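> Next come the chains, spelled out residue by residue.
There are 2 protein chains.
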Amino acid sequence: MSVAIENFVKAIYKNDKQDGNDTKPGNIAKKLGISNAAATDMAKSLANKNLINYEKYKALELTEEGEKLALKVIRKHRLWEAFLHKTFDMSLHEIHKEAELLEHETSDFLADKISTYLGNPKFDPHGDPIPNANGEITTKDTSITLSKTKEGNAYIISRLMSDDKEFFDFCAIHGLKYGNTVIVEKQFVKNKMTQISINNNTILLNEDFTKIIYVNEKK
Amino acid sequence: MSVAIENFVKAIYKNDKQDGNDTKPGNIAKKLGISNAAATDMAKSLANKNLINYEKYKALELTEEGEKLALKVIRKHRLWEAFLHKTFDMSLHEIHKEAELLEHETSDFLADKISTYLGNPKFDPHGDPIPNANGEITTKDTSITLSKTKEGNAYIISRLMSDDKEFFDFCAIHGLKYGNTVIVEKQFVKNKMTQISINNNTILLNEDFTKIIYVNEKK
DNA sequence: AAAAATATTTAAGGATACTTAAATTTTAAT
DNA sequence: ATTAAAATTTAAGTATCCTTAAATATTTTT
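Each protein sequence line maps, in turn, to chains A and B. When you line the first sequence up against this note's numbering, it's residues -15 to 203, in that order. When you line the second sequence up against this note's numbering, it's residues -15 to 203, in that order.
One or more of the hints may lead you astray.
Remember, identical chains collapse to one label, so a pair may be satisfied in a single copy or spanning two.
Claimed, not checked - Derived EDC-like pairs (lysine to aspartate or glutamate); straight-line CA-CA distance at most 20 Å:
#1 K149 - D92
#2 K176 - D192
#3 K70 - D96
#4 K42 - E150
#5 K161 - D92
#6 K52 - E(-10)
#7 K14 - E(-10)
#8 K202 - E39
#9 K81 - E51
#10 K174 - D125
#11 K28 - E48
#12 K203 - E45
Derived by calculation from the structure, the hints in this document are not laboratory data. As the structure is a computational prediction, the values presented were derived from the model and not from experiment.
Using the sequences provided together with the hints, build the complete structure.
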């Protein structure tokens, strides 16, 4: 499948299963940086290939085949991220950029080699789950966003759900990293801000960030 | 630049500097598996982009810029080959296939990371020279093809110049590998065959193979 | 040097993945 | 329930990279 098609099914999958956005053409178009008209065109074309179900004016739905393709691409993306992070010590933003390109030119054979080499990891360095070779993905996620944590508790960062360089740079500077511990000092409910302590520093995060940082309570 | 363009300049470079074929559109078309007409079209388009000099009915010539691009792609290809061979122990044929895809989606930044990781190697597992980040390539090659060796002498394999799976499979089976030693037992000049000994086995190679296996005399 | 063979170019056209602008449908507001 | 706003679709068109078939130029043979 072409790069455009792979990115299209990936965008549908992510909107649907991850970001909780709807999957109408306009939303997919925005995510991919193409016009609405182009998204409608692609939707028809993918329906012909039996990758999605398309009804005019309705949200786009992946078929079983379409979801399989999306999961394959996501698998390759996240395996590359894990690999580049480990092998070349590249930043969260860098690995995302490179993986975004490599994912489309990676054979299933090579993906399996990378996976084996890494010990078949279940999560990438952002904490995103890596589908296995059969397209099975760990979805049972008990973690919550920082915005929903309780004052006084300690949490372990489980996921940094973003593609944004500024966010990753911020995280790198302040030690917000997969596996690290944060203490929630105060929830400013009205202002939708959260005050946390990490590495003995206090920082105040607004909703933009507390909604994409996932954590598990530390016991 | 697009995949098609990168492959086009690469094909010109290889025909010209490596395989000693001429670089008229027809020859490039054959190498790339496209029609002659498509090659002519591309030639005009690349000339517009100042990647080649194009005169009707003449051989295609890379401009300085075009050669730079070709060397960049070749660098990425050969770095990937070296990397995949070392890290995942993949065969000569497999690394070629994968590198053929990855080469177009690899940033200069990542290429340099791979190079550093490998200790900035000058040759890939086929013995092909790897251009450095400035596009400089080791061309002073003192090696000769097996077809030109002398009876009774011992040689070290320095290069297996091919993209062909059958050839690589043959090499793998018989221990014909970069760095290994062969003894030339007999040259059948008339029949253009060469009898060699490797790992205490005697094998007889015809010209198809002796012209793409390069060696250096062992002292 | 002319004829035959070969290679290259031109011409016309197709598929893919986009664009903008206009028309249509859906959704939200009053 | 209309109307206004927003989103989606259709229509027309573009760029890239390919195709086959026909025209033209070059090269080889005699």
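> Please work out whether the CA atoms of K70 and D96 approach to 20 Å or closer within one copy, between two copies, in both situations, or in neither?
both (16 Å within a copy, 16 Å between copies)
> First find the shortest C-alpha distance between K149 and D92 inside one copy, then the shortest across copies, and answer within, between, both or neither for a cut-off of 20 Å.
between (29 Å within a copy, 19 Å between copies)
> When no copy is named, should K203 and E45 be tagged within, between, both, or neither for a Cα gap of at most 20 Å?
neither (40 Å within a copy, 68 Å between copies)
> One pair to classify: K176 and D192, alpha carbons no more than 20 Å apart. Within, between, both, or neither?
within (9 Å within a copy, 73 Å between copies)
> Using 20 Å as the alpha carbon limit, work out where K161 and D92 are close: within a copy, between copies, both or neither.
Neither: 29 Å inside a copy, 27 Å across copies.
> Have a look at K42 and E150 and pick one of within, between, both or neither, based on CA distance no larger than 20 Å.
neither (34 Å within a copy, 51 Å between copies)
> Regarding K174 and D125, is the shortest C-alpha distance of 20 Å or less found within a copy, between copies, in both, or in neither?
Neither: 27 Å inside a chain and 73 Å across chains, both beyond 20 Å.
> Can you give me the call for K52 and E(-10), within, between, both or neither, at a CA distance of at most 20 Å?
This pair counts as within: shortest intra-copy Cα distance 11 Å, inter-copy 31 Å.
> 20 Å Cα cut-off: does K14 pair with E(-10) within a copy, between copies, both or neither?
Within. Shortest intra-copy distance 16 Å satisfies the 20 Å Cα cut-off; inter-copy 30 Å does not.
> When Cα atoms must be at most 20 Å apart, do K81 and E51 count as within-copy, between-copy, both, or neither?
neither (23 Å within a copy, 27 Å between copies)
> Given identical chains, is K28 near E48, meaning Cα to Cα at most 20 Å, within a copy, between copies, both, or neither?
For K28 and E48, only the intra-copy Cα distance (17 Å) is at most 20 Å; the inter-copy one is 44 Å.
> How do K202 and E39 come out at 20 Å by Cα distance, when the copy is not named: within, between, both, or neither?
neither (46 Å within a copy, 71 Å between copies)
Going through the hint list in order, the structure does not satisfy hints 4, 5, 8, 9, 10 and 12.
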